[in-house]
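Please build the complex by placing chain L on the supplied structure of chain G, with the hints as guidance.
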Amino acid sequence: MGMNEMWMWLSVLCVLSGSVVTFIAALGVLRLPDFYMRMHAATKAGVVGPSLLLIGAGFYEPSLGAWIKIALAILFLLMTTPIAAHLLGKAGFVGGVRLWEGTSRNDLDKVLPSTPFTETLGPNQDQAVTTDMMTGSPAK
Amino acid sequence: MINTVFSVTIEISKFLLFLSMVGVGIRIIRGPHAGDRVVALDMLCLLGAGIAALAAITTNSMAFIDVVLGIALIGFLATVAFAGFIAGGSGQHGDE
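Taken in order, these protein sequences are the chains called G and L. Following my numbering, the numbering of the first sequence begins with 1 at its first residue and continues without gaps. Following my numbering, the numbering of the second sequence begins with 1 at its first residue and continues without gaps.
If we strip away everything but chain G, and leave its shape as in the complex, we get:
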């Protein structure tokens, strides 16, 4: 087994695990019961999956320039996604996204004022059902 073939096997491993992790992240975004849980799936597994795919691409064609670019891309993903998730979670809490019924603790509720949950079915329920695409959007 030559060196080239070994890198190909590593690439196969990284690409396969990366796509599986990405699929699990998307499954979490689709199936988890709560806004905050969905965000957790999208931002943790959602970074690891594309990073593994990038590393797989790096093993497929190993060169210094490609590795530098891949390292930059992974570093950028690791730096920006937690910031975006933090901002989004805080905005959602302030905006009145309800926690899952099974949540046992909500310490942030004592510190951060949140508006009451009003978005899903508003004062005019009949209209809210028909225009389901935009319910909860401030632009409505």
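Just to be clear, a hint being listed does not mean it is correct.
To be verified - Example chain L residues on the side facing chain G (calculated, C-beta under 8 Å, incomplete): (1) Ser13; (2) Gly23; (3) Val24; (4) Val38; (5) Val39; (6) Met43; (7) Leu47; (8) Gly50; (9) Thr59; (10) Met62; (11) Val68; (12) Ile74; (13) Gly84.
None of these hints come from the bench; they were simulated from the model. Please read all numbers here as calculations on a predicted model, not as lab measurements. Backbone N, C-alpha and C define an ideal beta-carbon position, used for all residues, glycine too.
Okay, now just chain L, sitting in the frame of chain G:
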């Protein structure tokens, strides 16, 4: 042997990423809050980054790694902007 394994791997990855995009799209349509849609949009950007990495392998050109950087940057900025939008609008119906 490694070449067949590799092509099968690429096909499986394509299919998994396709299924992921469908699932995230369903979440974008279903909502229910605007925040859920923004989370799904963020995930869609990350999926686009993954697909660009896959395209770098299939087309044999490392230029697609730059595309990953661009998609990540745009996704970050869009998410931050939407977060400000949601917090400012407070999730309530503004004119009611």
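Here is how each hint holds up against the structure:
no.: 1; hint: Ser13; verdict: 4 Å, holds
no.: 2; hint: Gly23; verdict: 4 Å, holds
no.: 3; hint: Val24; verdict: 5 Å, holds
no.: 4; hint: Val38; verdict: 6 Å, holds
no.: 5; hint: Val39; verdict: 5 Å, holds
no.: 6; hint: Met43; verdict: 4 Å, holds
no.: 7; hint: Leu47; verdict: 7 Å, holds
no.: 8; hint: Gly50; verdict: 4 Å, holds
no.: 9; hint: Thr59; verdict: 11 Å, violated
no.: 10; hint: Met62; verdict: 5 Å, holds
no.: 11; hint: Val68; verdict: 5 Å, holds
no.: 12; hint: Ile74; verdict: 11 Å, violated
no.: 13; hint: Gly84; verdict: 7 Å, holds
In this structure, the hints that do not hold are numbers 9, 12, in rising order.
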